[in-house]
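*Asks:* Each chain is listed here by its residues.
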Amino acid sequence: MLKNLNILRHQGKQFIPDISSAKLANTFRGRPVISSEEVDENELMELCPTNAISANPVCIDLGKCTFCGECAINFPKKIQFTNDYKIATNIRENLIVKAGNDELIQLNVETIRKEIQEYFSGSLKLRQVSAGGDNSCELELNACSNVNFDMGRFGIDFVASPRHADGIVITGPITENMSRPLQICYDAIPDPKIVILAGTDAISGGIFEGSPALNRSFLSKYKVDLYVPGNPIHPLTFINGVLALIQKRK
Amino acid sequence: MNYISVKNNQTISFNEIPELEYPLFLEQNVFTLLKNETAHCVSYYGIKLENCIKLICCIADDSENDIKISSCIVHVNEPLNSFAHHNLVFEKFEREIFENFGVNYTNHPWLKPVRFPADRFSKNTSIKDYPFFTIESEELHEVGVGPIHAGIIEPGHFRFICNGEQILHLETQFGYQHRGIEQLFLSKKKLLQRSTLAENISGDSVVAHSLAFVNLWESLCNVHPDQSLKFERILALELERMAIHTGDLSAMCTDIGYQLGSAVLGRLRTPLINFFQKWCGNRLAKGLIRVGKTNFPFTQELEVELAKILDDYEKDFEEISDELFSLPSALVRFEKTGVVSTELATKLGNTGMAARMSNIKRDIRYSHPHDWYCEFVHEPILKQNGDVYARARLRKKEINQSIAYIRQLIKTFPVREFELPPISTPSVNSFTISLVEGWRGEICHSAITNSNGELVHYKIKDPSFHNWLSLSIAVRNNEISDFPICNKSFSLSYCGHDL
Ligand code: SF4
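From first to last, the protein sequence lines stand for chains A and B.
Sequential numbering of the first sequence, starting at 1, is according to this note's numbering.
Sequential numbering of the second sequence, starting at 1, is according to this note's numbering.
Pairs of lysine-lysine, DSS-like flavour, derived with a Cα cap of 30 Å:
id, chain 1, residue 1, chain 2, residue 2
1, A, LYS3, B, LYS397
2, A, LYS114, A, LYS248
3, A, LYS98, B, LYS189
4, B, LYS293, A, LYS77
5, A, LYS3, B, LYS336
6, A, LYS13, B, LYS308
7, A, LYS221, A, LYS248
8, B, LYS190, A, LYS77
Since the hints were made in silico from the structure, they are not lab data.
These numbers were taken from a predicted model, which means no experiment stands behind them.
Using the sequences and the accompanying hints, generate a full structural model.
*Replies:* The structure is reproduced here in structure tokens:
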């Protein structure tokens, strides 16, 4: 018993007190900033592994970006990644960062369904489904509930049964072989329910885009309530994104 | 003897691989080469040629530090004598060959689908039609779990046949995670796309799979990285081992309801992966390992920081380990649970931790060293009993070993000598095989190029491919309530298996 208390004492304080103002290492690649510097745009587009870069003006689609950093390393004056991890949004287009436009990525409050804050602002239970996820987003979603990030303090938890859930969090590019179980799980969640896509693979297919082993038709059937980019997502991106989604507004 | 002997990461001409008649091919690989206890099959697969299938068998011999490769041409409708009938090690490999090409094995013990890939031979069945083993009995009942499990983990289906609370039989079914990675290696032609694919094979083994890919690719292109690059990569590999082992020990504590251990070990992983974030911007080291270069050199500042992290980690890790491994309520759940004897582990061809837990000395760092491991003789840590306890202790000891290695790497970190020239195209008509000991076990990548130096075949083997069967065997006659802790203690990959 004494020993256990000692171990407890040795841990000190591990939780991040303010989840919305925590600072990440400068090397972390979050929201990019694109300058208006002239570059060979074709060369820039060509180097990206997932066609996340488009030209005229140069844009990066964070729904496709794997955050490999290669563009910023080759064109440091054109592209810089900041350590701003608040990059989740409810509007797909908001994930596209344009040259010369240094705005924060936010949710569009107008388009959030009314029932979300009404039902879920104090408590949100989520069912996670990995549909071809590589276990990196899964590790980070688990980390959301560890003693450091402690998402449970906001009333947000992952639950085992879809019957107990208010929404679904999908990771992975959605494989053909998971398409049916995903649908069954979604159907088992009582209404109203939300859909969250966690990670680049889920949002666009990522590096797996175009594989015949995928079946992403699920996404054309339902409205996505939150896009959380990252490869994998950072727990702070996820928690802040979800909090912004369910926040009580007057 | 009719094979070609290669070293880890050696590139040879594809034509140099001897082609044998099937009976000889079987005789050589199943009976002659594997008779030696230090030999094990690291990869066995088929390649579609015009009207036939070329089978390639790679047997690693730990005592001679080489890989013996031979091949054989077979036709789809030709009935074949199964390797697995004589040696179970080949069970999964042959099922894959059957599933991909429709090769007709007459005496395979259970010729069932492996993962229902998009390009499978027969599209008559899909993943929902998997033919599970059943027993007709009024006493027994079946329990189906998955594909979606209770926690945040990857999908796979477990079908138990139980006698009351006791597991008689477990069959695992995979494929839900199949993304078609091997095909994507061919269709996505940019080097950065392929590096990205390699680090997305299994997100908990980013460094290990990336390292297998870059070592293979650099060998194919005949470029030789300088010492500092080699050091960095191994440092990352050992750090990945530490981080994931720590997380798994935490999860094992969760499964036995030991809250303190779960919380402490869980938070001990955090500084390790945050260090990756500091180093390369990503907590799981994506972006860190690249062919012929690094975008994130290991600096002196990082050295100092990592040394401090290890010191802090070690103190708290030893404290909680002491407590965990002397706690009667933990030991009673760990000891003699989920046992795989040495004999069985050998029979199943287990690799990595799943071999070392049962006293089998199998570790690529020792038998087929590459990079920094060539500079000394790595001594694998072995456990005797093959139970959950052995798997937990193995992790603990391997963490200690990794700490010592990382300290050594930091102390002797070489100065950066030169930048590599830009990567050229791969050698033409070549074959390369690359082995890496990830935290889970032996990872094998192999590649074949055509007469233009283009990639025409890429094969990946994650250790989970071998080891899943071992879990099924381990849980036999255990209480079904012990399944979670057994499963976690193996911690096998679904996506690494499904590709
Ligand atoms: S960081 Fe994103 S946009 Fe830049 S090259 Fe990598 S994937 Fe493309």
